[in-house]
Structures are given as structure tokens and as C-alpha cells.
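K.L.:
For the sequence shown, the UniProt record's numbering gives the first residue as 1, with consecutive numbering after it.
Hint data in this document are derived by calculation from the structure and do not stem from the laboratory.
Built from N, CA and C at the ideal position, the CB exists for glycine as well.
Treat the hints with caution; some may be incorrect.
What the hints assert, rightly or not - Using C-beta positions, here's what the derived DEER-type ranges look like:
1) S200 / G55: 50 to 56 Å
2) Q196 / V80: 25 to 31 Å
3) S200 / P164: 35 to 41 Å
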Amino acid sequence: MATTPTAARTPRRGEGSYDERRDRLADSALRTLGELGYARTSLREIASNSPYTHGVVHYYFRDKTELIRYCVRHYKRQCVHRYDSVVADSSTPEELLEAFADKLIQTIRDDAPMHRLWYDLRTQSMFDPQLRRDVLDIDGQLAQMIGRVLDRYADLSGLALTIPVATAYAMLDGVLERALLRSLADQPGALPELHQTATSLLPTLFG
1 MATTPTAART PRRGEGSYDE RRDRLADSAL RTLGELGYAR TSLREIASNS PYTHGVVHYY
61 FRDKTELIRY CVRHYKRQCV HRYDSVVADS STPEELLEAF ADKLIQTIRD DAPMHRLWYD
121 LRTQSMFDPQ LRRDVLDIDG QLAQMIGRVL DRYADLSGLA LTIPVATAYA MLDGVLERAL
181 LRSLADQPGA LPELHQTATS LLPTLFG
């Protein structure tokens, strides 16, 4: 992988605050992690794909686990409002269904590496207790995000959700994960089927 000269990669005064630099490193790390996965990514690999040296990465993060935990929280700040525009802009149940399904497809097209990383980290947290709290936190935030979509559908349709939000989230998350895997495998029809499944499944959760 191409690298820039060390002098150009060392942080200097005026490049931003400590937290801003950590955020930039997290952005670089997320891209590398999304490409290679948790197990295959080292701090050195992350540094080679960032504007900073391996030593500078170590300055901001003690080890890979600390960096990953920071990345998980950074990721959460970016993704937990993904469907807020769907909630705000929909004025009928049908509009919400279409907009929600369209957004599901868009996130796979635009953010497949981040979705892949999320499922990877969630699995890794079953083996690494240091990741578990952060992963459970973001999982809860994602459930709340879906809950806002479900609440809006209930308001627009006049119907009530018949199962717990957590269960509905798990069902929709499973649909998304399967579509992601099929899309990564270049299986034809993965995204159209995701759209069809989402628009047909969500109304069945209400009564």
C-alpha cells in the first residue's frame, strides 16, 4: 500500500484538536476495518491507510482494542440517525414503507463496508468482553432508531405494534444482514428482494 513521507504524516500545530485527530484516525480505521475485518486489521495496517505514522496512532490509542472501542462509538454517532429523514418526511404509511425500504437499499449500496464491519464487531464481542459494552450500547441505539420508524408507522396507520420493538428490530436486522451477504456475493435480486421483504414484513407487525 502506498504511504506518504513520515514528515507529512506527523501531526503539527493547527491540524485540529486532540479529539478531532482521534476522530480522523477513527475514520481511517473504520475504512480499513470495513475492508479487512477485525481479525485481519492491525494498528500498523490502520496507520498505513491514514495520514499518520504507526507511532502517532500509538500516541492516540494504547492498543487495537482501545482504537476499536473508540471506532464503535464514533460509528454510532454517524449511523443512529440514518432513518430520521424517513420519519420526518413521510406523511402516509405507504410513503414511509417505500422510503424506509429505499433507505435500506441505499445504505447497502453506499455503506456496505460499515455494515459488514458492524456485524463483524458484534460477533467479535461474543469473544472479547472489552468490546461487549460498546457493542450492546450501539445495538440498543440501533433498536431505538428502528423504534422511531415503527412509532411513525403506528401514528400514520392508526395501528399498534403487536410485538416488542426489540423483536421487530431483530427481525428487520436479520433481513438486512441476509441481503448484505447476498449483495456482497453478487447474487442477483438481493436488493430488490430486500425492498419487497421490508415493505411486506413491516405492516404484518401491526394490528
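K.L.:
Hint by hint, say whether it matches the structure.
P.N.:
The hints, checked one at a time:
Checked against the given bound of 50 to 56 Å, the beta carbons of S200 and G55, roughly 53 Å apart, stay inside it. Separation of Q196 from V80 is about 26 Å and conforms to the stated range, judged on CB atoms against 25 to 31 Å. Between S200 and P164 the beta carbons are some 20 Å apart, a value that contradicts the proposed interval 35 to 41 Å.
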